[in-house]
Amino acid sequence: MNESSAIFLCRLDDLQDPGSLGVTVECNPRLFDMFVVRFGGEVRAYLNSCPHTGGPLDWVPDQFLSLDRQHIQCSTHAALFRWQDGACIAGPCAGDALTALPVEVVDDRVLLQRDAICRNSADT
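The numbers in the sequence shown follow numbering that gives the first Met the number 0, run straight up by one, and end at 123.
Calculated from the structure, these hints are not laboratory results.
Don't be surprised by glycine CBs; every beta carbon is placed ideally from N, CA and C.
Treat each hint with caution, since some may be false.
[To be verified] Per label pair, the in silico range of CB-to-CB distance: (1) I88 - D16: 18 to 24 Å; (2) D67 - A93: 17 to 23 Å; (3) R29 - H51: 18 to 24 Å; (4) L66 - R118: 31 to 37 Å; (5) Q69 - P101: 22 to 28 Å; (6) R29 - T52: 15 to 21 Å; (7) Q62 - D12: 14 to 20 Å; (8) A89 - S4: 32 to 38 Å; (9) D84 - G18: 16 to 22 Å; (10) V105 - L66: 30 to 36 Å; (11) A93 - P17: 33 to 39 Å.
Throw the hints in and build the complete structure from the sequences for me.
Have a look at this one:
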């Protein structure tokens, strides 16, 4: 990833393992709510929007994980999503998936590819 075309989301140390963190990114001049999850050495990012309702997944800031911390969970209807790919595995959105965003960890910084979110802002 070209760092000049990347958006800084957080430091890797800002994420517990496992853990999650909500982030808002501005692009063209819309605001996009998203979240980052960490499991071991893996980091993923998704738009903070349930595929069933379109509402945010967190009921408390930065709380996107199920109680057992093994899945992403929607606070509205308790749907469960795999952290690896955002696929809904239980609940009314089973078969759907969260919108994944390309991130990379560079020197302890979690970076989002700018084109991924800015392209989305032109599409919506």
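Results of checking the hints against the structure:
The given range of 18 to 24 Å is respected by I88 and D16, whose C-beta atoms sit roughly 22 Å from each other. Checked against the given bound of 17 to 23 Å, the beta carbons of D67 and A93, roughly 19 Å apart, stay inside it. For the pair R29 and H51, the beta carbons lie near 22 Å from each other, so the given range of 18 to 24 Å is met. Distance hint check for L66 and R118: the Cβ-Cβ separation is about 35 Å, which falls inside the suggested range of 31 to 37 Å.
Against the hinted window of 22 to 28 Å, the Cβ-Cβ separation of Q69 and P101 comes to about 23 Å, which satisfies the hint. Between R29 and T52 the beta carbons are some 20 Å apart, a value that agrees with the proposed interval 15 to 21 Å. Hint check: Q62 to D12, Cβ distance near 19 Å, so the stated range 14 to 20 Å holds. Between A89 and S4 the beta carbon distance is about 36 Å. The supplied range of 32 to 38 Å therefore holds.
At about 18 Å, the beta-carbon gap between D84 and G18 stays in the expected band of 16 to 22 Å. About 32 Å separates the C-beta atoms of V105 and L66, a value consistent with the hinted range of 30 to 36 Å. Separated by about 22 Å at the C-beta atoms, A93 and P17 break the suggested range of 33 to 39 Å.
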